[in-house]
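These protein sequence lines map, in sequence, to chains A and B. The numbers in this note's numbering rise by one with no breaks, and the one at position 32 of the first sequence is 32. The numbers in this note's numbering rise by one with no breaks, and the one at position 62 of the second sequence is 62.
FYI, nobody ran anything at the bench for these hints, they're computed from the structure. Glycine residues also receive a C-beta, built at the ideal position from the N, C-alpha and C atoms. Hints are not guaranteed to be accurate.
As the list claims (entries may be wrong) - Now the stretches of chain A that chain B is said to cover, found in silico as 3 or more residues with beta-carbon under 8 Å:
hint, segment
1, 78-85
2, 91-97
3, 100-107
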Amino acid sequence: MLVRLILSQRVNVYTLDISTIIDQFLKEFSQLSTKDLDTLTEFTYTAAILIELKTRALIYNDTSSTELNNIDFTDLLIAKMLELKTFQNASQYLAMLIENNQFAIPRSYYKDPEIESLNTRPISTIKTWQIIKALENLISTSNELADPDPHITELPPISTEEAMQNILKALETTSTQSFFEITKSCKSKIELIAYFLAMLELYKQEKIELKQLKSFGKIQLELLNDEFISRV
Amino acid sequence: MEKAEIKGAIEAILIASSDPVKPGLVAELLEQPLEVVIETFNELERDYLNANKGYYIAEVAGGYRFQVKPNYGAIIARFLTDFAPVKLSKAALETLAIVAYRQPISKAQISAIRGVNSDSTVKYLTDLGLIEPKGVADGPGAAILLGTTELFLQTAGLNSISDLPNIAEFIPDSKTIALIEERLSSFLDD
Numbered sequence: 001m002l003v004r005l006i007l008s009q010r011v012n013v014y015t016l017d018i019s020t021i022i023d024q025f026l027k028e029f030s031q032l033s034t035k036d037l038d039t040l041t042e043f044t045y046t047a048a049i050l051i052e053l054k055t056r057a058l059i060y061n062d063t064s065s066t067e068l069n070n071i072d073f074t075d076l077l078i079a080k081m082l083e084l085k086t087f088q089n090a091s092q093y094l095a096m097l098i099e100n101n102q103f104a105i106p107r108s109y110y111k112d113p114e115i116e117s118l119n120t121r122p123i124s125t126i127k128t129w130q131i132i133k134a135l136e137n138l139i140s141t142s143n144e145l146a147d148p149d150p151h152i153t154e155l156p157p158i159s160t161e162e163a164m165q166n167i168l169k170a171l172e173t174t175s176t177q178s179f180f181e182i183t184k185s186c187k188s189k190i191e192l193i194a195y196f197l198a199m200l201e202l203y204k205q206e207k208i209e210l211k212q213l214k215s216f217g218k219i220q221l222e223l224l225n226d227e228f229i230s231r232v
Numbered sequence: 001m002e003k004a005e006i007k008g009a010i011e012a013i014l015i016a017s018s019d020p021v022k023p024g025l026v027a028e029l030l031e032q033p034l035e036v037v038i039e040t041f042n043e044l045e046r047d048y049l050n051a052n053k054g055y056y057i058a059e060v061a062g063g064y065r066f067q068v069k070p071n072y073g074a075i076i077a078r079f080l081t082d083f084a085p086v087k088l089s090k091a092a093l094e095t096l097a098i099v100a101y102r103q104p105i106s107k108a109q110i111s112a113i114r115g116v117n118s119d120s121t122v123k124y125l126t127d128l129g130l131i132e133p134k135g136v137a138d139g140p141g142a143a144i145l146l147g148t149t150e151l152f153l154q155t156a157g158l159n160s161i162s163d164l165p166n167i168a169e170f171i172p173d174s175k176t177i178a179l180i181e182e183r184l185s186s187f188l189d190d
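Next up, chain B with everything else stripped away, as it sits in the complex (with noise of 0.2 Å):
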């Protein structure tokens, strides 16, 4: 197959699916390495982002997806009767940030965290399809165990999970630290 076809026949699955297309499926379908595939996928990113169109190709929870620049997105969302975009609470936003990073993680130890009942936010994120179940813990009550779903790499915008800044970066700074010991001690201490 030559290198033109499999561009050709790329861009041909990327059009007709909406949602994002793995390269190890179109290496399976084409019949052609992975690496080819990949290389291909990244020059018709790279194609689609220098040429002036209003849409591009962009590498998505594991896979490539033709979307709308950013720039249009607004005029699209108006043009488009039924679009929603999704809105958060601050405590399912809290959930969201807990399970993305402790995944895999029980209802309890979500509460825990929180210091309240997450049971109807967890609820919530499972309706929306942002959170779902991914196993079942070894321990005492095998509690089920939630994690992200694809659909959460899809509205956040990460081809993984491992693309989320590490969680030391969001530590509060030394002040804050500094202010919540000093309060909390002095208080002890009275």
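For reference, chain A alone in the conformation it holds in the complex (with noise of 0.2 Å):
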């Protein structure tokens, strides 16, 4: 702002004082559409400069002997204010540059910002062997992985009835259980389909009783005994 005041002519140094500096940076900051926190440090520098400027005018006036470093700080000055100058003329070119590139719209398409955020260069960081094997494990599991001829019902590898002793057995150590604890072990969908089904019968030969306390919550499955059956 300093160079600028000085250079519009609008402030003339030789003759300055500092209420005029700071009249005139009134007028200019009344005059500004936004008013921001850059403007008002400038502001406070400028003024800070000056006092520097005015304080060293009047005491090298005085003192002959510090002549020499009267000039030196002028220099100093000069070429602080020269470099800012610059610099504000090569901002000049690149707001010229910035304007005329804005309109090279380059070529685009959607991202969706979900996916941006997420790593879509996942094996960037995978190394070569590791691929490898990955390859090789995914060779020797593929007999494994290959999907079932949907015409084919796969048999159970443990019957009902079979289940409903598990769950009995695994009943009388703790006599409640949740269905999830009795089934962890279950190697396939078809098994827990059996489990489940094992655990219905129970249910419906009144041998147990079962709570699901809320949609999709846990099963829990109580052992009943035969003082209970009695009862009931």
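Starting from two chains that each stand alone, build the complex the way the hints lay out.
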């Protein structure tokens, strides 16, 4: 701002007093459409430089021995101002570049923000040997992963009756257990279905009580003892 | 791989990508010498410039990309409802120029040149993705050093930072220097 005020010749530093620069600044500031912190900081900085300039001018006028320091200070200040002015000119060039380029719109496609946030190159950190190992695993287990023939219903590895026995055996140690606990060793869906049917059968036979506190919640199985059954 | 096939593959890659495509990556992908790929890119660039099309291949941020010809840009901007051109304040442009020419540079050094605290401007430019931390200074305090990003090159339409004109070109003319010297010197001599 100091450079701008000097160059615009609205402020003559030669005959300047601090009150003049403040008046000029306030006048300019009131004309600004937006007032930001940067502008206010710049004002403080400008005022500080001017006070320093004034102070040095006053002190050095009375002390001729410090004239050399005075010249150094002027050179430094000029150099600093020229540096800032240089970058201000460069910024105008950048503004022109950006403006000229703003309509050079690149080809683009819609990027889903949710997908964008994900790692789109998940294998970028994976080593070649890891890929080879994964391929070996895939080949060795490919038979297991093959889709079953939809026309053939697979027989469960366990019958419903055996599953009923297993449930009762599990409930003998702990009278209450969840369906999840009992079936956590199941290796296939069909085995799980066998256990589910067994559970329903045991309930039908009034050998167990079932509790499910909320939809899709845990199913609790409770073994009903003989006393309870006779009472019922 | 035939020359025509390389050309077709590069075109296909350019169509599939919205970011500038680097010739090095394409050379690896097609298993072709880098020189051949760069030559093909340049050939394509010329083909599209000479063809009467609304778009062309531009060399931006170290890569190549399809973009609309600037004379159709305003129409496309109206067509794209979410199009928002980059608008930077005077302070942001000043900071960006300092970072572009003095990178890697710390926040304190930027503030020293500008004469104002530049923290908010630096944060704004970082949020926009135009500048980013590039390292840490060796000196005391281990200040974070900032530099421009690839997005900055894309925004300014530059291929590399070395495409910027020499900073000496922006030094004020002798008349301006003389004016500053005269006014400050006379003030201090007063």
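(request) Can you take a look at whether the segment 100-107 of chain A is actually covered by chain B? Rule is 3+ residues, C-beta closer than 8 Å. (result) holds (count 8)
(request) Would you check chain B against the segment 78-85 of chain A, counting CB to CB pairs closer than 8 Å, and say if three or more residues qualify? (result) holds (count 7)
(message) Under 8 Å between beta-carbons, do enough residues of the segment 91-97 of chain A, three at least, approach chain B for the coverage claim to hold?
(response) It holds, with 6 qualifying residues against the three required.
Figure legend: structure checked against the earlier numbered hints; every hint is met.
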